[in-house]
Amino acid sequence: MKILAVDDDPIILELLTEVLRAADFENVTVCGSANEAIATLENTTVPFDCFLLDIQMPDVDGIQLTSAIRAMPTYADTPILMITAMSDRSYIDKAFEAGASDYITKPFEISEVHARLRVFEALVKERKWKEDRNPVTPQQEPLAMVADADFQRRLRLHDIDGFIDYLALENYLLQVPRMSLLSMCTVGIVVRDMHRIFAASSVYEYESAVADVAEAISETLKPQQFFGAHAGEGEFVCVIDNGSGFEAEAFERALNETLQEMDLHFCDGRAMSLQTAVGDPVSLKIRSAKSLPNALVQALSNAESTARTGRGSNTDTWGKSALLGL
Amino acid sequence: MTDFSMAEGLARVRCRFIEELEPRRHELVRLRDEITDAPLVEDKVEAIARIAHKIAGTAETLGFAKLGKVAADLDEFIDQNPQLGVLPRHVLFGLLDDIVALSDQILSVPDHQFG
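Chains S and C, in that order, are what the protein sequence lines are. Residue numbers are given in the numbering used here: position 20 of the first sequence equals residue 20, and the series is strictly consecutive. Residue numbers are given in the numbering used here: position 47 of the second sequence equals residue 1047, and the series is strictly consecutive.
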């Protein structure tokens, strides 16, 4: 895995080099500033597979650098690990908003850095394997019909306000200070009859529809502070701040109205009617760190239940599973 | 890579940290002296925060937990006070003095004892 580490402290760069070498990550390039990193990216022929970035740096900081890296098509999906002393919630939010995949606070445990990089390494290998097996050319893409693999894939929706990768959303939950979690909840959203709706779609139409639903979610949730992610198929999950008063039924109504106003169509002019089901929220208070990612799964399960049987049938709403330590 | 070669690598970085600690300590003392009987000038307080931030980033991982903790406290104290000109002096100087004292302790130990 080819790694680029950026920090204005040379001691950190030396330490990271040793830490990475200890885990057999030998291909490491280091830069002392964001500008040096951007110049390195512009001049490199073999793209980097992973970035380790500090936040607090003079001139251009690590959050601005993250945005700049994400704006480069080559690095739209490349894992970015923030390694920073900034543990304040506002920095964590800004980093994930800019496109960070994960976040570690200094001083760090060496084993923690190794563990995060192993996750990224597996991700990078999987992506390369898929690309090698199933190369997609831009000319083929609009004509191809949606296959199961396309349908299950979690799409990257960085261009939509509040939307980040699913993996980044899991990592975000693990980084948010415990006090902030007290007022947060997760909410799942499912597009009803998604298989039927997308059965006749091309990959392009399917991906556009997913982006349209995400856009509608983002618009409807505003001005509430949230992060959302596509969870594959027609499913979405959001982490909502100050979500203790969140009303799923009212949100579902508003979201479906927004989608109707968007007046969506297939490429051949047929109307595309998208209806969503919103599950009851899952509170994040009283959750152990290990069970936090389960709150996303639970929210999706609630949404699926609402889509199947209607509202009020969910078995787990505010915290039963949390009390059981799930 | 073996645990032994990783330990060797970390020992090298620890030596570099100590080398770098000496000028950082001097700079902190210089800045402290400059603001002792003068108004708290923002760029001097920011310079103190930058040094504390750097020390805090690596000290604990390299085995200097106490120094790392005090440096992180100073960094956070400055970061969370938007009005640098009116920082409580006794807190600022207390944390600065602790960093200088802990740095002196580390710098007084012969090099080979860290390697």
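Among the hints, a few may not be true.
Said to hold, decoys possible - Chain C regions said to be covered by chain S (calculated; three or more residues, Cβ under 8 Å):
#	segment
1	1028–1041
2	1082–1094
3	1097–1109
Unchecked claim - DSS-like mimics (lysine-lysine), calculated; alpha carbons at most 30 Å apart, straight line:
#	chain 1	residue 1	chain 2	residue 2
4	S	Lys222	S	Lys130
5	C	Lys1069	S	Lys94
6	S	Lys94	C	Lys1044
7	C	Lys1044	S	Lys285
8	S	Lys125	S	Lys285
9	S	Lys290	C	Lys1069
To be verified - Stretch-level coverage of chain S by chain C, calculated; a stretch enters the list once three of its residues show a Cβ under 8 Å from a Cβ in chain C:
#	segment
10	226–233
11	264–277
Since the hints were derived computationally from the structure, they do not count as laboratory data. Don't be surprised by glycine CBs; every beta carbon is placed ideally from N, CA and C.
We went through each hint and held it up to the structure:
1. 1028–1041: It is violated: at least three residues are needed, and the segment 1028–1041 of chain C offers just 0 whose Cβ sits closer than 8 Å to chain S.
2. 1082–1094: It is violated: at least three residues are needed, and the segment 1082–1094 of chain C offers just 0 whose Cβ sits closer than 8 Å to chain S.
3. 1097–1109: Since 0 is below three, the answer is violated.
4. Lys222(S) / Lys130(S): violated (36 Å)
5. Lys1069(C) / Lys94(S): holds (25 Å)
6. Lys94(S) / Lys1044(C): holds (27 Å)
7. Lys1044(C) / Lys285(S): Distance of about 42 Å is beyond 30 Å: violated.
8. Lys125(S) / Lys285(S): violated (35 Å)
9. Lys290(S) / Lys1069(C): holds (27 Å)
10. 226–233: violated (count 0)
11. 264–277: Coverage by chain C is violated here, the residue count being 0 at a Cβ distance below 8 Å.
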